[in-house]
Amino acid sequence: MPEEPDIELSFRGGRLVSALPIAFFIAWAIFQSGILGIGDTTGLVAGMLTGLIVGLLFVRGDWKDYADVVFAGMTRRVAATAVVAWLWAGMFAETIQVGGFVDGLVWAATALNVGPGLFPAVTFLLAALLATGIGTGYGTAIAFTSLVFPAGLLLGANPVLLFGAILSGAVFGDNLAPVSDTTIVSAVTQDADIGGVVASRVKYAVVAAALAIAAYLAAGFGIPGVVSGMPHANVTGQVDATVSAWGLVHLLDIAIVIVLAVRGRHIIEAISWGLIAAAVFNVALGAADLIDVSAASMLLFRAPQNGLTQAVDALPLIGAVVETVPGGQAGVGGSIYSGAAGFFPLIVLTLLLVAGAEIMRAGGGFDAIQELLIDRVATTVRRAETTMVLGTALVNATVTINTAAEIAIAPYIATLGKRFNINGYRRANILDANTSALGYIFPWGGGLLAGFGAMQGLVGGNGTPWFTQEMLVNPASVWPYVFHGWFLVAVFLVAAWTGYGREYVSDRTSEEVSRV
Amino acid sequence: MSRLGKLLAGWTFRTATPSFEPGDVITAFVTHSDGEGVSSRIGDSVLRIEGDTEVDVETKVRLKVTSFDDQNHVGTAEIVEFLGEF
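Protein sequence lines correspond, in order, to chains B and S.
For the record, in the first sequence the residue sitting at position 80 is 80 according to our numbering, with numbers rising by one throughout.
For the record, in the second sequence the residue sitting at position 1 is 1001 according to our numbering, with numbers rising by one throughout.
Careful: at least some of the hints might be erroneous.
In silico SDA-like pairs for lysine to any residue, Cα to Cα no more than 20 Å straight-line [what the hints assert, rightly or not]:
hint, chain 1, residue 1, chain 2, residue 2
1, B, 64, B, 75
2, B, 203, S, 1014
3, S, 1006, B, 64
4, S, 1006, B, 206
5, S, 1006, B, 188
6, B, 203, S, 1005
7, S, 1006, B, 415
8, B, 203, S, 1012
9, B, 64, B, 8
10, S, 1006, B, 207
11, S, 1006, B, 509
12, B, 203, S, 1033
13, S, 1064, B, 509
14, S, 1060, B, 193
15, B, 203, B, 490
16, S, 1060, B, 8
17, B, 203, S, 1037
18, S, 1060, B, 419
19, S, 1060, B, 178
20, B, 203, S, 1064
21, S, 1060, B, 306
22, S, 1006, B, 202
23, S, 1006, S, 1027
Computed footprint of chain B on chain S; a stretch qualifies when at least three of its residues, placed anywhere within it, have a C-beta under 8 Å from a C-beta of chain B [said to hold, decoys possible]:
hint, stretch
24, 1024-1030
25, 1038-1047
26, 1067-1075
The set of hints was computed from the structure by calculation and includes no laboratory data.
Here a beta-carbon is modelled for each residue, glycine too, at the ideal position from N, C-alpha and C.
Please model the entire structure based on the sequences and the hints provided.
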């Protein structure tokens, strides 16, 4: 299908007014989650919907154009990519969880004597490893919050610090993984080959990661873990000798996902194979009575009682995933269902936010910012690079889905960088590091919301019946603890000022993009 | 460039004002255009382009440096090849 020409919008009050829907949403998000402490994603959906309606009132001319831009934004591929990653990662993580993976991790941590102080640093490293392998920071945030977070709580680790460590690991992988969508966008938009981009960013990532590990160790031993009076105190230490190590079998299906992703298979394909393996392991472990899991843990039709449903329930095979219940309790359940359903509000929010960003583009809000930067702010190479770092950070701090934010800011980074002959690798690195970092820090950041969505799924979940509503971490409280994200931004600010890692076009020209 | 070479490139503190020698041939973008002609700014060093100046900003070119003043970080160069717009 040929692409439709981009529509331009005109706003009363000038081009910057096109930022109103997103600005309204951010104000709503700060009020709702920051001030009132309500971490309800559907509430944020209401905020973005209201923002889109408020923006409409300021459009000059035909309101139909505004509506068309909303549609154009919602159908962008970047939105579909995030939706797919969440649905698949959600199903996979939930299926591993019902298969006793949390118990397996608790068993391993106990056996290896990883106490609550060391747990956040180890979590950061493992999350970074997984995210670098599978290339999706959101998927990592979901998987680790579903699986490792409850294990850490049972050992007595500080919940906010632990959530921060998971998000930090996601930042690391999003930044460095060759298969990460943000890595690919950074390379493609700055005319650089992906291999060269990844190789050239190691020098920044390792400096930030070393600082982050030190910070998690210091905080892990310095900040009290779970203290009496906290809702988690009741479950801390409830690790007894009976936890089963068998859930660790699911490391195999995680390995399948990582290997396939690294080999360049599509995320749908890689996670589907992992999901199939996890389901097979679950049925086998359940049949052998090693773990309390069955086919019904993954998919269950709870049908209202009548003659037909009772007959189906009695059938071989099919009957294993059907049970009859009193009429009022009818429904579908299991990890496939709840793993995907947990992300529905976030998916809707994402589509609306991408629409908001599209309105800002069509209304010239992004252009207005670029002109201001080039003419007034970026007058020397140091100031230009500092502007690139802070500009990328700012856009990513405001636009929830970091891939969308990155696509929006990428042309500015290219224009600004070329004005000083900064080479493609350096431009791609500035772009991706600050994109990855800021998408996981603030309470409206997509990565944080993805992890929080998974955490909400723990409440009364099959694998974590002890997890209550009171144990949820307030999304607005985690920002100081996403150490790797902050250190990555800091490394780039220092690099912009000192010239660390700077390369000009005349030093080395980036190679052709080999993969789009 | 080898993978190892790519990994090890750029682990340095690069100056904001790179220097060039007359005779150096470098790749760069044309960055500025004004009433007096066009120039290529590399970091905070500027090479004024002499000779063929019928070229747009953001065109990638091969430049032969013809003079360079290390004190003021300015010099002159001429275009030896057009590499196109990127």
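Right, here's what the structure says about each hint:
1. B:64 x B:75: Status holds; Cα separation ~17 Å.
2. B:203 x S:1014: Cα-Cα ~14 Å, so holds.
3. S:1006 x B:64: Violated. Residue 1006 of chain S to residue 64 of chain B sits at ~50 Å, over the 20 Å cutoff.
4. S:1006 x B:206: holds (16 Å)
5. S:1006 x B:188: holds (18 Å)
6. B:203 x S:1005: Holds. Residue 203 of chain B to residue 1005 of chain S sits at ~13 Å (cutoff 20 Å).
7. S:1006 x B:415: Distance ~24 Å between residue 1006 of chain S and residue 415 of chain B Cα, so the pair is violated.
8. B:203 x S:1012: holds (10 Å)
9. B:64 x B:8: Distance of about 12 Å is within 20 Å: holds.
10. S:1006 x B:207: Holds, because 18 Å separates the two Cα atoms, which is no more than 20 Å.
11. S:1006 x B:509: holds (11 Å)
12. B:203 x S:1033: violated (35 Å)
13. S:1064 x B:509: Holds, at roughly 16 Å.
14. S:1060 x B:193: Roughly 17 Å separates the two Cα atoms, so the pair holds.
15. B:203 x B:490: holds (14 Å)
16. S:1060 x B:8: Violated, at roughly 30 Å.
17. B:203 x S:1037: Violated, at roughly 39 Å.
18. S:1060 x B:419: holds (12 Å)
19. S:1060 x B:178: violated (27 Å)
20. B:203 x S:1064: Status violated; Cα separation ~32 Å.
21. S:1060 x B:306: violated (75 Å)
22. S:1006 x B:202: Holds. Residue 1006 of chain S to residue 202 of chain B sits at ~10 Å (cutoff 20 Å).
23. S:1006 x S:1027: holds (18 Å)
24. 1024-1030: holds (count 4)
25. 1038-1047: holds (count 5)
26. 1067-1075: Per the Cβ count (0), the hint is violated.
Consistency with the previously given hints fails for numbers 3, 7, 12, 16, 17, 19, 20, 21 and 26, ordered from lowest to highest.
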